[in-house]
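Given the coordinates of chain A, assemble chain B onto it according to the supplied hints.
If you want the building blocks of each chain, they are given just below.
2 protein chains.
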Amino acid sequence: MQNKITTPAQRRQALKDRLIDLAGAMIDAHGIEGLRARELAKSANCALGAIYNVVADLDALILEVNWRTLASFEEYLVDANIGREPRDATEELAHIALLYLEFAARNPHRWRALFEHRMANGTGRPDWYIAAQSHLFAHLEPPLRSLRPGLRMESYVVLARSVFSAIHGMVALGLDEKFILMPLPLLREQIRVVTLAMAQGLDARMTSHVK
Amino acid sequence: MQNKITTPAQRRQALKDRLIDLAGAMIDAHGIEGLRARELAKSANCALGAIYNVVADLDALILEVNWRTLASFEEYLVDANIGREPRDATEELAHIALLYLEFAARNPHRWRALFEHRMANGTGRPDWYIAAQSHLFAHLEPPLRSLRPGLRMESYVVLARSVFSAIHGMVALGLDEKFILMPLPLLREQIRVVTLAMAQGLDARMTSHVK
Numbered sequence: 000m001q002n003k004i005t006t007p008a009q010r011r012q013a014l015k016d017r018l019i020d021l022a023g024a025m026i027d028a029h030g031i032e033g034l035r036a037r038e039l040a041k042s043a044n045c046a047l048g049a050i051y052n053v054v055a056d057l058d059a060l061i062l063e064v065n066w067r068t069l070a071s072f073e074e075y076l077v078d079a080n081i082g083r084e085p086r087d088a089t090e091e092l093a094h095i096a097l098l099y100l101e102f103a104a105r106n107p108h109r110w111r112a113l114f115e116h117r118m119a120n121g122t123g124r125p126d127w128y129i130a131a132q133s134h135l136f137a138h139l140e141p142p143l144r145s146l147r148p149g150l151r152m153e154s155y156v157v158l159a160r161s162v163f164s165a166i167h168g169m170v171a172l173g174l175d176e177k178f179i180l181m182p183l184p185l186l187r188e189q190i191r192v193v194t195l196a197m198a199q200g201l202d203a204r205m206t207s208h209v210k
Numbered sequence: 000m001q002n003k004i005t006t007p008a009q010r011r012q013a014l015k016d017r018l019i020d021l022a023g024a025m026i027d028a029h030g031i032e033g034l035r036a037r038e039l040a041k042s043a044n045c046a047l048g049a050i051y052n053v054v055a056d057l058d059a060l061i062l063e064v065n066w067r068t069l070a071s072f073e074e075y076l077v078d079a080n081i082g083r084e085p086r087d088a089t090e091e092l093a094h095i096a097l098l099y100l101e102f103a104a105r106n107p108h109r110w111r112a113l114f115e116h117r118m119a120n121g122t123g124r125p126d127w128y129i130a131a132q133s134h135l136f137a138h139l140e141p142p143l144r145s146l147r148p149g150l151r152m153e154s155y156v157v158l159a160r161s162v163f164s165a166i167h168g169m170v171a172l173g174l175d176e177k178f179i180l181m182p183l184p185l186l187r188e189q190i191r192v193v194t195l196a197m198a199q200g201l202d203a204r205m206t207s208h209v210k
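Protein chains in written order, with numbering that gives the first Met the number 0: chain A, 0 to 210; chain B, 0 to 210.
Same shape as in the complex, but just chain A:
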């Protein structure tokens, strides 16, 4: 054991990491509702008060879990592109949409936590979290630039969010047994059809009245 933990700061960080791991596992198993401080302390084998020694509250812990979820989706996107032939922008948008669906379908609770979590104390999300979200939307910007060249930079940022939101809606309602449940193969086909249509309609070479 060469890297034996020694300083109090290192011990705090180690506990924090362990708590994020365990909170992530609890969310994976039962969703955000399943996260309870008492059970968490028990799993981490620490006192209840020790949790609040390393994170401000459960909200802060959920944000850390969500940050990791965003990071693992990023990784998933990047891995899926390694060694791939470049696609045209229309296909690229559909490809990202389908990767988003797969990620959500494989990690349903973790993924829902990104959207269901509301800060209980009314504070906003920290900048590092907002930056991670923005980074995610940015993956949609290159294909949008190809489809609609010549817009101002901010327009791509906004359009990427809108296109992401539309894809998210199809994924969220399509996977929701309460609202519009579609079998996964049908949902894949629908997301592909609608995302391709969206991309084609945005294509400046094909359209006139979309400004």
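No lab work stands behind these hints, which were simulated from the structure alone.
If you're wondering where the values come from, they're calculated on a predicted model, not measured in any experiment.
Hints are not guaranteed to be accurate.
Label-pair restraints from in silico Cβ distances [as the list claims (entries may be wrong)]:
| # | chain 1 | residue 1 | chain 2 | residue 2 | range |
| --- | --- | --- | --- | --- | --- |
| 1 | A | L47 | B | R10 | 46 to 52 Å |
| 2 | A | R17 | B | N52 | 48 to 54 Å |
| 3 | A | I129 | B | A55 | 25 to 31 Å |
| 4 | B | C45 | A | A8 | 34 to 40 Å |
| 5 | A | P107 | B | E32 | 21 to 27 Å |
| 6 | B | E90 | A | L47 | 54 to 60 Å |
| 7 | A | R86 | B | A137 | 31 to 37 Å |
| 8 | B | Q12 | A | P141 | 57 to 63 Å |
| 9 | A | P141 | B | E74 | 40 to 46 Å |
| 10 | B | A137 | A | E176 | 17 to 23 Å |
Positions of the beta carbon are idealized from the N, C-alpha and C atoms, including for glycine.
Using the frame of chain A, we list chain B on its own:
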């Protein structure tokens, strides 16, 4: 008072209607989380047990409120079309999308309750509720029929749900201060641009590779 309530069945119905009204008002004020049986009984000036005499549980009451929300959105859609010139299918889709945004923006809690409510006891939603949802999606079918004629009937049902989901995603995330908050005029513009693009891309006259 010619319609004086006399029979026990009428009294039960009157209490049920009053509870649905009050539950709706509580949801309007504080969202689904704000609905509490004890407060409801107090507002309705009835015993706590009397609630469970007319509805199975709070879930059943929320479903009734949600059913009314679906019905009032239907009414809103129909009213907005009275005396209007017929639009082409592309404009019609964008028009419905923008009405959906306005309705959600004006009734934020009531509208969120449609999506946030999960049956606590694991039972499914009753048929009458599912029918009301389906009726709503059906408004998207006529423009989709014009855009892509010749599909099988079920295909329009599925496509209407997918297009609705995409529009819903833009509305839900665009109005969500936690995720992607857009000022309402920008959100309107984005929903119009993306919905028109989606419609144009679906237009069989314009596209080839979308099957």
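How the hints compare with the structure:
1. A/L47 <-> B/R10: 46 to 52 Å: This hint holds: roughly 50 Å between Cβ atoms.
2. A/R17 <-> B/N52: 48 to 54 Å: 50 Å, holds
3. A/I129 <-> B/A55: 25 to 31 Å: Since A/I129 and B/A55 have Cβ atoms about 43 Å apart, the given range 25 to 31 Å is violated.
4. B/C45 <-> A/A8: 34 to 40 Å: 59 Å, violated
5. A/P107 <-> B/E32: 21 to 27 Å: 22 Å Cβ-Cβ, so the 21 to 27 Å window holds.
6. B/E90 <-> A/L47: 54 to 60 Å: 59 Å, holds
7. A/R86 <-> B/A137: 31 to 37 Å: Given a distance of about 35 Å, which is inside 31 to 37 Å, the answer is holds.
8. B/Q12 <-> A/P141: 57 to 63 Å: 59 Å, holds
9. A/P141 <-> B/E74: 40 to 46 Å: Taking Cβ atoms as reference, A/P141 and B/E74 lie about 43 Å apart, which means the hint holds.
10. B/A137 <-> A/E176: 17 to 23 Å: 21 Å, holds
Going down the numbered hints, you'll see the structure goes against 3 and 4, while the others check out.
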